[in-house]
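K.L.:
Chain residues, written in single-letter form:
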Amino acid sequence: MFKFARFIAVLNARNREFWRDRAAMSWNLIFPLLLILGLSLVFSDENPAQYKVAIVGATEIPEPLEKIKYIDYVLYDEQSNALQKLQYHQIDFLINWSASSYALNNNSPKGYLAAKIFESSLHGFTPIEVSGRAIRYVDWVIPGVLGMNTMFSCLFGVGYVIVRYRKSGVLKRLNATPLTAFEFVLAQVASRFFIVVSISVLVFLLTWWAIDFLVLGSLGLLLLILLLGTLSLISLGLMVASKSSSEELTGGLLNVASWPMIILSGVWFSLEGAPQWLQYIAQIFPLTHMVSAARDVMIDGATFRDIAYHIIALAVMSGLFLIISALAFSWGKQR
Amino acid sequence: MTDALIVHQLFKQYGQLTAVDNISFSVKRGSCFGLLGPNGAGKTTTLEMIEGIVSPDSGDIDYPLLNKGQSLQQHIGIQFQETALQDHIKVKETLNLFANLYNDTSNISELISLCSLQDFLDQDTKKLSGGQRQRLLLALALLHNPELVFLDEPTTGLDPQSRRNFWTLVKRIKEQGKTLILTTHYMDEAQQLCDEIVVIDRGKIIEQGKPEDLLNQHFSGTIIRIKNHNGIKGLLPSNTTFLEDQGLLEFSTSAVEDDIKSIVNAGISLEGLSIHRPNLEDLFIKLTGHQLRS
Numbered sequence: 001m002f003k004f005a006r007f008i009a010v011l012n013a014r015n016r017e018f019w020r021d022r023a024a025m026s027w028n029l030i031f032p033l034l035l036i037l038g039l040s041l042v043f044s045d046e047n048p049a050q051y052k053v054a055i056v057g058a059t060e061i062p063e064p065l066e067k068i069k070y071i072d073y074v075l076y077d078e079q080s081n082a083l084q085k086l087q088y089h090q091i092d093f094l095i096n097w098s099a100s101s102y103a104l105n106n107n108s109p110k111g112y113l114a115a116k117i118f119e120s121s122l123h124g125f126t127p128i129e130v131s132g133r134a135i136r137y138v139d140w141v142i143p144g145v146l147g148m149n150t151m152f153s154c155l156f157g158v159g160y161v162i163v164r165y166r167k168s169g170v171l172k173r174l175n176a177t178p179l180t181a182f183e184f185v186l187a188q189v190a191s192r193f194f195i196v197v198s199i200s201v202l203v204f205l206l207t208w209w210a211i212d213f214l215v216l217g218s219l220g221l222l223l224l225i226l227l228l229g230t231l232s233l234i235s236l237g238l239m240v241a242s243k244s245s246s247e248e249l250t251g252g253l254l255n256v257a258s259w260p261m262i263i264l265s266g267v268w269f270s271l272e273g274a275p276q277w278l279q280y281i282a283q284i285f286p287l288t289h290m291v292s293a294a295r296d297v298m299i300d301g302a303t304f305r306d307i308a309y310h311i312i313a314l315a316v317m318s319g320l321f322l323i324i325s326a327l328a329f330s331w332g333k334q335r
Numbered sequence: 001m002t003d004a005l006i007v008h009q010l011f012k013q014y015g016q017l018t019a020v021d022n023i024s025f026s027v028k029r030g031s032c033f034g035l036l037g038p039n040g041a042g043k044t045t046t047l048e049m050i051e052g053i054v055s056p057d058s059g060d061i062d063y064p065l066l067n068k069g070q071s072l073q074q075h076i077g078i079q080f081q082e083t084a085l086q087d088h089i090k091v092k093e094t095l096n097l098f099a100n101l102y103n104d105t106s107n108i109s110e111l112i113s114l115c116s117l118q119d120f121l122d123q124d125t126k127k128l129s130g131g132q133r134q135r136l137l138l139a140l141a142l143l144h145n146p147e148l149v150f151l152d153e154p155t156t157g158l159d160p161q162s163r164r165n166f167w168t169l170v171k172r173i174k175e176q177g178k179t180l181i182l183t184t185h186y187m188d189e190a191q192q193l194c195d196e197i198v199v200i201d202r203g204k205i206i207e208q209g210k211p212e213d214l215l216n217q218h219f220s221g222t223i224i225r226i227k228n229h230n231g232i233k234g235l236l237p238s239n240t241t242f243l244e245d246q247g248l249l250e251f252s253t254s255a256v257e258d259d260i261k262s263i264v265n266a267g268i269s270l271e272g273l274s275i276h277r278p279n280l281e282d283l284f285i286k287l288t289g290h291q292l293r294s
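So the protein sequences, as listed, match chains A and B.
For the first sequence, position 250 matches number 250 in my numbering, and the numbering has no gaps at all.
For the second sequence, position 142 matches number 142 in my numbering, and the numbering has no gaps at all.
Derived from the structure by calculation, the hints contain no laboratory data.
What you are looking at is a predicted structure, and each value in this text was computed from that prediction instead of being measured.
Treat each hint with caution, since some may be false.
Straight-line distance between alpha carbons at most 16 angstroms, and here's what the computed EDC-like set of lysine to aspartate or glutamate pairs gives [claimed, not checked]: (1) B:Lys28 to B:Asp3; (2) B:Lys261 to B:Glu271; (3) B:Lys127 to A:Asp21; (4) A:Lys167 to B:Glu82; (5) B:Lys90 to A:Glu17; (6) B:Lys127 to A:Glu17; (7) B:Lys126 to A:Glu17; (8) B:Lys92 to A:Glu17; (9) B:Lys90 to A:Asp21; (10) A:Lys69 to A:Glu119; (11) B:Lys233 to B:Glu244; (12) A:Lys52 to A:Glu272; (13) B:Lys127 to B:Asp87; (14) B:Lys92 to B:Asp124; (15) A:Lys3 to B:Asp104; (16) A:Lys167 to B:Asp87; (17) B:Lys90 to B:Asp124; (18) A:Lys172 to B:Glu82; (19) B:Lys126 to A:Asp21; (20) B:Lys174 to B:Glu196.
Pulled out of the complex, with its shape left as it was, chain A reads as follows:
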């Protein structure tokens, strides 16, 4: 039977341990700040690699353009879609072949250079007005970076701690008391949840102040995304750590869980244009939903309705992972 007093007792003990562990504490704060500082420096400059150019109003790449080397062309049906990509720095230059017009993002040095390259081929073309607040790459990438930081803090914060408890016998001792697995698991989740949410909010506010990234949508909605995203990622970490007493094995499993998310969850680059099956796979990761939802709210001003799909996905994953963790949870070392 669930006893609130037992849950609170374990929660308090874990919170104390975390706040008193100065080294881990400062690392949890300093690392994300360093990461964001580094990123803002790197991305204020330029993007390496070739130019990505959108073609609107053509079924194939027009012959005069095809001859120009080192250009990656992407065909779009709708000019508005392509314009949005241009704003997000996902493409460098836009050519509407049928309307004889072109567009570039004035915040993009690559856009400027691309325009120079196409100058002779686009004789007589007229520029399209790009309206709205300019979006820098950093605006696009910030939700991903903050989400990734949250992910690491959730997965490793809860996973390693439990494996360490199991290995050193802390769990064995607790198991000899009336404490239930569910009470213990819930207390660990709650403790980490408050820590991660507090730190993430702090990092968000500090970064916002330092880089002044774009936030078009509601802050309340962003908080909801953070809460659910954090819950689902902590539960995932818990699930990975539900049995093992080997730090090496769990470290490996946590890496297996986190690296595909870093690559496929749209932290650094959009998966649009990637094969459809890969995009489907990406949907199984909580981070995908967290980052997509946050990005939609921050740079498109999306409402709750727009991101309801992601919210539901995160809630379902949280519930599922938590139930599996509580059922699979083992107090002792495996013989």
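Position chain B against the provided structure of chain A, taking the given hints into account.
P.N.:
Chain B alone, transformed into the frame defined by chain A:
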């Protein structure tokens, strides 16, 4: 006297290894019962099955004093051999944490004085000395006022003084009427604390009874140990049994003076001579033919 624990035909295998091989014994209420044996004998596995942490492959465990509606965790208190406490948590906080898990904080101040914890209540549990740590772990095992208390090698790794302090503490707990079950590989500890013992080797019970009874049963008087010399055996009564170990000859006798005189008169050197009352260590060596802590 009523029994506090009855164990019948307990059996546990880990893969090919038979850790506990059909062990049966019973423990009297208010007594201190010792499970003795070398490392790997099966003591801890036996204990963990009784504690409900490991389930036996076969056999029965009965707790006659367990009340209806009481959980096993409420009935027993455990001091584990290998256990860690959370880092960065103070002694007082650890006591509070565990008391809350049992929903009973009434015992804390009494246990602080019983286990002499008052001098380091505000210390991080990580920074405790071995003796302090064992006293805290014992207090944790007693927080919910259990009927049965398990002590799994409680003084392993402690210095001699801390061990003696711990024994005093265990005796005080015994005086409160608790039933204690102790595993140890220190024979002096078992002799000091236990009313009854079983000796386990390779998963089987090889002897059981009261320490004094067992010693009287296996030894007649005093043990003499002396540097081995060919002539000695012929000087002593023919029914004497000898044990030869690392150049030393060992035998028990009820006529110490006569035996020593015979050896001196034969002109044999008394080099390496030691005379002592037999203890459980001697019993163990006699029973198994090997040292307890090998």
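K.L.:
Against this structure, judge whether each hint is valid.
P.N.:
Comparing the hints with the structure gives:
1. B:Lys28 to B:Asp3: Answer holds: Lys28 (chain B) to Asp3 (chain B) is near 4 angstroms, not above 16 angstroms.
2. B:Lys261 to B:Glu271: Between Lys261 (chain B) and Glu271 (chain B) the Cα gap is close to 14 angstroms, so the pair holds against 16 angstroms.
3. B:Lys127 to A:Asp21: holds (14 angstroms)
4. A:Lys167 to B:Glu82: holds (10 angstroms)
5. B:Lys90 to A:Glu17: The hint holds at about 10 angstroms.
6. B:Lys127 to A:Glu17: Between Lys127 (chain B) and Glu17 (chain A) the Cα gap is close to 14 angstroms, so the pair holds against 16 angstroms.
7. B:Lys126 to A:Glu17: Since the Cα atoms of Lys126 (chain B) and Glu17 (chain A) sit roughly 12 angstroms apart, the hinted pair holds (cutoff 16 angstroms).
8. B:Lys92 to A:Glu17: Within the cut-off at roughly 14 angstroms; holds.
9. B:Lys90 to A:Asp21: Holds. Lys90 (chain B) to Asp21 (chain A) sits at ~13 angstroms (cutoff 16 angstroms).
10. A:Lys69 to A:Glu119: holds (15 angstroms)
11. B:Lys233 to B:Glu244: Within the cut-off at roughly 11 angstroms; holds.
12. A:Lys52 to A:Glu272: holds (13 angstroms)
13. B:Lys127 to B:Asp87: holds (9 angstroms)
14. B:Lys92 to B:Asp124: Holds, at about 9 angstroms.
15. A:Lys3 to B:Asp104: Holds - the C-alpha atoms of Asp104 (chain B) and Lys3 (chain A) are around 13 angstroms apart, at most 16 angstroms.
16. A:Lys167 to B:Asp87: holds (14 angstroms)
17. B:Lys90 to B:Asp124: Satisfied, since the Cα-Cα distance of roughly 4 angstroms is no more than 16 angstroms.
18. A:Lys172 to B:Glu82: At roughly 9 angstroms apart (the allowed maximum being 16 angstroms), Glu82 (chain B) and Lys172 (chain A) satisfy the hint.
19. B:Lys126 to A:Asp21: holds (12 angstroms)
20. B:Lys174 to B:Glu196: Holds. Lys174 (chain B) to Glu196 (chain B) sits at ~14 angstroms (cutoff 16 angstroms).
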